[in-house]
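J.: Given next are the chains, with one letter for each unit.
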Amino acid sequence: MYPPLKSRSRKAGLPPGVLMPSDTKGGTVVTWVNYDQEKFTEKVYSVLPESFPIDKSSGINWIHVQGIAHSEIIESLGSQFKLHRLITEDIATPGQRPKVEEYDRYVFLIIRSLDYYEDHGGHVEDEQISIVLFDNLILSFQEKNNTLFDSVRERLRLKRGNMRKLSADYLAYALIDMIVDNYFILLDKIGGNLEKMEEHLTSYPKEHLVEDIHNLRREMIFIRRSIWPLREVISRLLRQESNHFSKATLFYLRDVYDHAIQVIDAIEMFRDLIAGMLDLYRSSVTQRLNEVIKILTIVSTVFCPLTFLTGLFGMNFSYMPGLQWQYGFFVAIGIMIIVALCMLGYIKHKKWL
Amino acid sequence: MYPPLKSRSRKAGLPPGVLMPSDTKGGTVVTWVNYDQEKFTEKVYSVLPESFPIDKSSGINWIHVQGIAHSEIIESLGSQFKLHRLITEDIATPGQRPKVEEYDRYVFLIIRSLDYYEDHGGHVEDEQISIVLFDNLILSFQEKNNTLFDSVRERLRLKRGNMRKLSADYLAYALIDMIVDNYFILLDKIGGNLEKMEEHLTSYPKEHLVEDIHNLRREMIFIRRSIWPLREVISRLLRQESNHFSKATLFYLRDVYDHAIQVIDAIEMFRDLIAGMLDLYRSSVTQRLNEVIKILTIVSTVFCPLTFLTGLFGMNFSYMPGLQWQYGFFVAIGIMIIVALCMLGYIKHKKWL
Amino acid sequence: MYPPLKSRSRKAGLPPGVLMPSDTKGGTVVTWVNYDQEKFTEKVYSVLPESFPIDKSSGINWIHVQGIAHSEIIESLGSQFKLHRLITEDIATPGQRPKVEEYDRYVFLIIRSLDYYEDHGGHVEDEQISIVLFDNLILSFQEKNNTLFDSVRERLRLKRGNMRKLSADYLAYALIDMIVDNYFILLDKIGGNLEKMEEHLTSYPKEHLVEDIHNLRREMIFIRRSIWPLREVISRLLRQESNHFSKATLFYLRDVYDHAIQVIDAIEMFRDLIAGMLDLYRSSVTQRLNEVIKILTIVSTVFCPLTFLTGLFGMNFSYMPGLQWQYGFFVAIGIMIIVALCMLGYIKHKKWL
Amino acid sequence: MYPPLKSRSRKAGLPPGVLMPSDTKGGTVVTWVNYDQEKFTEKVYSVLPESFPIDKSSGINWIHVQGIAHSEIIESLGSQFKLHRLITEDIATPGQRPKVEEYDRYVFLIIRSLDYYEDHGGHVEDEQISIVLFDNLILSFQEKNNTLFDSVRERLRLKRGNMRKLSADYLAYALIDMIVDNYFILLDKIGGNLEKMEEHLTSYPKEHLVEDIHNLRREMIFIRRSIWPLREVISRLLRQESNHFSKATLFYLRDVYDHAIQVIDAIEMFRDLIAGMLDLYRSSVTQRLNEVIKILTIVSTVFCPLTFLTGLFGMNFSYMPGLQWQYGFFVAIGIMIIVALCMLGYIKHKKWL
Amino acid sequence: MYPPLKSRSRKAGLPPGVLMPSDTKGGTVVTWVNYDQEKFTEKVYSVLPESFPIDKSSGINWIHVQGIAHSEIIESLGSQFKLHRLITEDIATPGQRPKVEEYDRYVFLIIRSLDYYEDHGGHVEDEQISIVLFDNLILSFQEKNNTLFDSVRERLRLKRGNMRKLSADYLAYALIDMIVDNYFILLDKIGGNLEKMEEHLTSYPKEHLVEDIHNLRREMIFIRRSIWPLREVISRLLRQESNHFSKATLFYLRDVYDHAIQVIDAIEMFRDLIAGMLDLYRSSVTQRLNEVIKILTIVSTVFCPLTFLTGLFGMNFSYMPGLQWQYGFFVAIGIMIIVALCMLGYIKHKKWL
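Residue numbers (my numbering), protein chains in the order written: chain A, 1 to 353; chain B, 1001 to 1353; chain C, 2001 to 2353; chain D, 3001 to 3353; chain E, 4001 to 4353.
Because the hints were derived from the structure by calculation, they are not lab data. All residues carry an ideal CB built from backbone N, CA and C; glycine is no exception. Hints may contain errors.
Said to hold, decoys possible - Short, incomplete list of chain E residues facing chain D, as computed with Cβ under 8 Å:
id : residue
1  : 4011
2  : 4328
3  : 4329
4  : 4332
To be verified - If you anchor each label on the Cβ, the simulated ranges turn out as follows:
id : chain 1 : residue 1 : chain 2 : residue 2 : range
5  : A       : 154       : E       : 4231      : 36 to 46 Å
6  : A       : 29        : E       : 4238      : 34 to 44 Å
7  : A       : 103       : E       : 4055      : 53 to 63 Å
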């Protein structure tokens, strides 16, 4: 449930920079894409090659690692491209907070990608994406082995958009943009779910529903925690302390920044809406309780006196006036009707019906 | 319900700057107004002309696009006036957050206009207004096809105020002012609605009412989200980083800024008031519950012992003392009256009546 | 209820600077006071004179307008002393937020004065005070026609304190101080009211009381909104960006600033106290509910089994053991007593009594 | 209850700097201590002497005023040492907010000293301490006539610590430290009280207890309001804008600053703890309510059908099957037992027992 | 319970810098470790030696004091290494807030180490760690006598990692890192506990559980208070105002800073989760209450009229129609069945079943 705590707590007492075998299941696939405006080559490895023939003149390179289970691959890439060992440790340890660190030779970014599955109130799965941006090289690491970045590669291969013409920092932007766009899909799904829940609320509310709402609220806490720091991350890139991003790309990054703020806005709004729904639910539950108790009170108020009267006339005293009287029964019934009407009148007066 | 999420989530994986056909219904009308202190010409197009004969000497131009359904019109205007394609994308994508972006040649503004319809607790409809301010030209885009800016055009045509004498930035101010003034109408209506609800609360509260209040509270969340960023937008214009606004117009903008703050103040106040009303509602519901249960308890407390006594004297034992006694019945009645009085006394003592 | 929204919403679509006839009832009285260390003259006008013979050498002048119903008077003063028309608009439009604006020739201030009337939970009435401070002239405008500033004029006339010796900015300080001092009176009254309510709470709580508390809470929202911005207003004057206030007067302004902070402190404290009282009220209501339900449960728990037993022995079967037995009745009574004692013992054990 | 409001509200309309006779009861005692490393003299006055023979060479002087009821003493001291009349007014007006004001010749400090009395939830009494620090002179004023600073004088007299060797600013530090140390005593007492309340909560909760907790919560509001500004006061002294504190003393002041933050931390923590206790109390009350209602429902559910059955067999129809039957009674009893067991089984199934 | 308040409140009125005998039980063990890349010597003292032969050339020295009960040891170390007496006082007084103070010769740090014991909702024990970092010397003080830093010493002894090659500031980092890593263990345990509680919540909720959740919530308040200031402490070290930390070590410190933020994030998340759980618990309790009351109402609603009817036919009037009729009983039964069905139909209609 709380992987960052787990993975980190197992490391207590070890020297920094030690990579632990990850809990994450699944193989590790490494994809090397080399492209410039003319050419596009793509190689897939399941075992890391000795070294990547990357030099200044070879166009733009993108080495993408899917699945971080095999920490030796990360370590090998780290040593080949001379990453600080704390960075390789961060890459190999799932559950990091989104952050950016700028160095002379590269920028290091961690972002969290989120997926939403619609079961009871829905649950969210996230994975950690690490990006290292060099001058003409991008290393990217993905916690799980899925197809998140396939469409970016597709756009490169098919020369869609003008990514092929642009430099490595634009590719970094495209990856970040991809992840942030996914947030919109996520929030769109949650928004739909919220709408459905809201409709259920106004009809008959079920216990099941509250648990779903609470569940969704809990997921929002996780989502918020994963996305919130992103704002600062991008804002820091925009402040342009290093020169890893060109001015043109910064323009696009500013667009991503706007999106990130929209996402955070929507998260806050959803939290407010969920709080409002729980409030409304509570109101309606109390309302129903009131109604049920009113019925109980009405029934008791009407029948208690009547039952008392029947008991009264059912007593076995030898000398009871009226019992022998011919119209006694009818008079008794009459009294009861009058009492019942009085009680009903009182209830009417109290506006319970 | 959450258009920004929807429209954005459909774009995931596409290159930036792609315009999607908008969901917004209705045609697109383009109005070109050209004016200076002497002349005023106005042309309405439903198909965009090849190009607008706009040059430095031709007075002030205002091209207003009502309805953004036909994205090709936005694209064509964008290319004619050399807008960045991310800007045309923003214009064509409803649901943007209010923002301002300053460039060398122009300032780009997004603001949200709000309308309030008074059904159950009321609901709010908003639309996105995009304004691009050049030196002697304003492009404005309106999400829906309505009469929002007709009164501004009217003032220009009839030479009311001194807008005709002033430059394009004053026109931009007039448009922003128009939108912010509409917020006051909106809030005035909501204020009236709140007052009505408050009156209902102090009289007999109905289930219906809570739902209305909750509904209004939800709408306030949307309103807040639409208006809140405006404050920063105008404050940024006031900080005057570019020179698109003259000093005289900045003075008027400061007035709009004051109004924006008043609007935000009022929104916060309304939120507080709504929270207070829900609180009061809850108090009164609990109060009523207490009263109902008191009645129930009083009835039970009085009649349970009496019914027991009648049952006692109704038992069929052959040998029961008093049954044969001539005054037995009356003594029994007496006992019952005493018991009832004791019970009522106890209730009185507890201050339940 | 929300005058700023109302007055502003009627202006939507009009050019800025247009003065609307105010809703405020009552006439407009203009008082011109001219004084220096030696002389003191005071003139009262109900119709504005052509012009005020004010020059640099004529001592200090204070033109005070009570009641802003006649907007032509404001307009005329505005044109005579060359105020920007947005300022005259602000002066004539009640419901402005406290603010300060510094210009070359003058400082413009809006402050809100508050009065408290002690009916159900009390209600607050506020009015807008506008002050324009020139070098040796003060214009002040008061929304309503009351005696707010009479004591200041009195002090001037009677040469109490050393106001007569000091410059116009000290008079401005005196006016602000007067308003802030009134806040203390207001809060003192509310404090007294709170104390009374608190006493009522610990004795028998009534429905009426909750409504009063809620009412007071709502008034606190209004008060807070009126006073809160004052802090920033004075703090801005203290930062001394213009030179309209002398160093000596700034010293006194700092005193007012301290008072403003004390007032805001007290408001926050009152809000906390009110929240606490509502909380305590809810606790005590729940407590009472519990008690009532306990009584109900005790009565039912004791008498249900007993009534069942009487019913049992009241059945009409021909062959029922014990009915004919001489001691049957007494044994039955005995059983009932035992059952009742068991039930009471159980209740005792549960600590309900 | 709210002395600052009261004392300030009485002054509305008066010129600034007027001293009102204080409400505070009790006499005024003035103590003059003169000391350096060798000598220590102490004189106690109940009537102020003409003047204090204080000059640069006379060592360090500490004039301490206990009780501010006699405002003429404050006024006389103020004029003798040339204090601004707003400062003498602040000294003579109880209920000021903690603050620091730095002048050329002296620093003026207001701090609030707190005492806690352990009655229902405890109540807090505070008094205002004003300190004026000159180069070799300290004036200190204490609202009430108690022994707060006796231990400091004792330390001076007995030459404990090295206060005698150090300058006047160290004495000022010692006074502030004394007051802040008292906060720890206060919070320690409250902490003990909280612990006791917490123990009571887990055992049987009484109505009385909630009121105590609420009472304590209210006192925390007052305490917070008195202490919170202290943080800023000391932090401002530390920023060392004037040179009234030597670098060595600033080191000690930083220690006091740490203590002040600890105190504020503890206050916030207590507020959280109190909120948690009230929450837990509410939970336990609801829990008890549930239990009581369960018992009620169980009793009703079991006995209502049984009583109905006895009533059924108690009807007086001539022709009722089974009444004459020899085993009728026992079969009826059997039916009742079966019904009762069914009901109990249902209750068991619902997990109410 | 609140040791800092207790220990501090006992000092009120004493001069600063006085060491009080600590409440902490247990002996004091001093360990002196001297190491460089080649050598490693370790000596354990229970009585402090006259002096430590530490000079510039002797490699790196680490003097670690376990247990602060014997304040004379702290005092002696303080005088030997010329610490300010306020620092020795801080070291000897448990319950300090985490802080950092930078001096010319050394940096002084206080951090709190936390341990979690899993009883009812768990409880947390914390201890105070003080670290003084000189150029080639570290003094560290631990409140309790436990094995917290043994693994660091182990790493030094076994030359694991490259700590032996690095300077004293890296050792300081290693100690801080050790403590922060322990927070992850703590939070991991709490996370597990939370999960277990959440599972219990969805199954049958017990009173016991709420108390555990409240207990955990209270512990979170303490944890938060202990860890929150750490963020600022490390951030201050990173701002590098002194030069006690080398650039390489700062890199590692930044890693610790990231971890501290993760820890604080997790704490906030846990607080949100706990609040959500309490909310869900309340919902489910109310839900259960509603169900119980529904059953009560159903039973009463069905049987009250029936019992009334049996009472009616059980009255002893001589002349009652139908009693003598042969089918009277069966008709009465029929009426009762119809009444019961009507009542059940009504209940069905209300959707209570």
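J.: For every hint, state whether the structure bears it out.
T.: To see whether the hints hold, each was checked on the structure:
no.	hint	in the structure
1	4011	holds, 6 Å
2	4328	holds, 5 Å
3	4329	holds, 4 Å
4	4332	holds, 7 Å
5	A:154 to E:4231: 36 to 46 Å	holds, 43 Å
6	A:29 to E:4238: 34 to 44 Å	holds, 37 Å
7	A:103 to E:4055: 53 to 63 Å	violated, 38 Å
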